[in-house]
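Enquirer: Protein chains in written order, with my numbering: chain E, 36 to 323; chain G, 4 to 227; chain D, 14 to 301.
In case anyone wonders, no lab produced these hints; they're calculated from the structure. Keep in mind that the hints are not guaranteed to be accurate.
Said to hold, decoys possible - Derived contacts from chain G toward chain D, CB cut-off under 8 Å, selection only: (1) Lys-10; (2) Lys-17; (3) Leu-40; (4) Arg-41; (5) Arg-61; (6) Glu-62.
Where is the CB? At the ideal position from N, CA and C, for every residue including glycine.
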Amino acid sequence: MPNILEIRNLSKDYGDFKLKSVSFDLPKGTIMGLIGPNGAGKTTVIKLILNLVRKDAGAIRIFGLDNLADEAAVKSRIGFVHDTPLFYERLTLKSIKAQVAPFYKNWDENLFQRLLREFALPPRQIFARLSRGMKMKFALALALSHEADLILLDEPTSGLDPVFRRELLAKLSGIIQDENKSILFSTHITSDLERIADYITFIRDGEVVFSSAKDELLANGGVVKGGNDLLTEETAKFFKGLRRREFGFEALTDDSAAVRRRFGENVVIDKVTLEDIMFFMTRGDRRV
Amino acid sequence: MRNLILKDLILHRKFLLLVGGLYGAWMGYFGSRMGSLRVSIFLSTFLSCIIPLMIFTREDKFKAASVSCSLPVTRKQIVLSRYILSWALMLIVYALIVLIAVVIPGGKVKAGDLLSTNAIFLALALLALFFSILMPLLVRFGMVGMFVFLIGMQVLGAVLLFLAARKILPFSLKDILASIGRALASLNAHLGGPGYYLVLFGAMLVLSAASFSLSVFLFQRKDL
Amino acid sequence: MDNAVEVKGLGKDYKGFSLRDVSFVLPQGTIMGLVGPNGAGKTTIIKLILNLVRKNGGEIRVFGLDHLQHEAEIKSRIGFVHETPAYIEDATLKDLKTAIAPFYKKWDETLFRSLMAEFGLPAEKKFKKLSHGMKMKFQIALALSHGADLLVMDEPTSGLDPVFRRELLERLSGWMQDERKSILFSTHITSDLERTADHITLVDDGTIVLSRPKDEIKETWGIVKGAAELMTEKRRASFKGVRTTAFGFEALTDDIPAARREFGPGAVIDRASIEDIMIFMDRGNGHA
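Excised from the complex, chain E in its bound form:
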């Protein structure tokens, strides 16, 4: 079984928002970044994986098991870090651990203690007194200490400085050296994903726009800039998102080589970032 997580045609109707037939796979030993505009459905997808909300249709298989039929078995192997770690604020870290640990058969106390030391978290400290970054590290320590094979992180780094974020990313990269583990990570800070993600899934308006290997996206994609006179019905098909300006156009392509062949030196093709991709595919026009 090459995939830790398989999602097929997942749907959820909230009335004013619908998740429509979402499908993607998370292979073993990889990190996938989940990106998308606010309200696109990223958190909904994560909640559905954890069965915090009921799906209307579709299948979610984790570790080859159905996430509903084998809920307890599945959850014992999932570690979850929420964007606002929600623990009893007034308890010490020690007490919180004492509450959480018994739920997991595979709780590894030695590993937990090691992580506390590594993250410089004093066990007798009251949770409320920790800074936001420390709270996140604690949640991560808990998530990592029961041999979870799937780690889910929902906006874990918002509000945290680049120094800390880089530490966290290094830690996450270290985790998936174990080929049996995978990480799914939703975030707005796309530069972090460019650093460590293997795959990127882009969700917009409740649908998966793409789920691809990051390296391919960044290598083949490009931001094309040229004069407006170059835009015709025919050339429009090269672009996934287009913005006309006074002095020329800017557009996203997923095939820089093809664009280069078609336009030659008449256009500039800049390297693309994930942010460019999100931006052009959300705000760019798709017609000329």
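Please build the complex by placing chains G and D on the supplied structure of chain E, with the hints as guidance.
Expert: Okay, now just chains G and D, sitting in the frame of chain E:
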């Protein structure tokens, strides 16, 4: 100034109408049924004072002071607007309480009693006293500090009553109030009616001014 | 050229933290990004400029005026965005606007309404019902609607998705076409700064580490990578930060030309990103 006062009225209007209205009416009803005029005036003025203060404790709760202090106003202007607004609200709430007390049938209190010069003066003096003490506390220590003070006062009062009842203290609350009453009466006799009221009024002004200065001082030094 | 903001020798003492001798200048018509690790003092600096906290020493001049003596006048020309949006929770957005707009002589109701529409903010909604990102958008709408000459923003993009962030930055760039306007904003998302800032001020542990035009930083700050033998004590002292790697060393220099002359072809020199600078210069004071 106008903008600051309007701002508070706009943002807290529901609270004021609901809480001010309901509590005011309740106090008017119960106050009219109490035996002692002085006690009802005491409680009514206290409630009237608390209503505007609660607006500011709400601001404290939401930490909205950082927005107010980012607006193009000085801290002194903010404090002044609060004093003006609070006095206006206190007088309105108190008037409401008196109205209800007088209008509702079956009350033990007569309009004449509540509206006599003495009663009005007592009410104003108590309003000035409560507000002048509580407002700087609120500014400096916030909502929590104000409540701690109020609860502390209640506890202190209970303890004093207890000690007095057990005769451990050589005097009781009644004695203290009686001696204050005597001092005021002798002042009245000395100065004559209008002079007496003038002096009391002056004292209230001085107290309020001192409270205002203190609040400004504290608020200017408060780190948000 | 006049300066929008001048800070000289600013100091502030808290229990357990102090800001010391902070000095920098924001020239009129420019955008300055304030970066630094969590707890470095960025929010404190912004609060000091707005006189939300009292300084213990130093001078702050805004639009050439002393920030205490001309407090109200200065603030009528400042649009502010706080890191934690703090408004009366029960109030509707309409109420908040009605309460706040009259304070500003140059209030532009049409602009405000169009911003609210563009940001997707319904006027009748209660403030407490908004997500963090929406609360930030509301603050931004207010800040842009009263003809301000200076925007002071603390983490204005936290919780906002990359698409909105880019649009906001584009809007701010457009706003800056008027040369009298200036912006000071703090952020953890250094890619945003790379995109739009003219000046970068890096704060760490209560002091200014550097405050320079971004272009100058790009020209002169770099990461030197080479084999271990190339590092000597003398050379080590010339660097701002050194790390050992599996292949040798990586070191931060603030003088690329000098480093080139010193190391010759033996070392690779890459331009340093703002994030790189922060990471290399991190004093590791356990902030996160």
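Enquirer: Are the hints correct? Go through all of them and say.
Expert: Results of checking the hints against the structure:
no.	hint	in the structure
1	Lys-10	holds, 4 Å
2	Lys-17	holds, 7 Å
3	Leu-40	violated, 37 Å
4	Arg-41	violated, 37 Å
5	Arg-61	holds, 7 Å
6	Glu-62	holds, 7 Å
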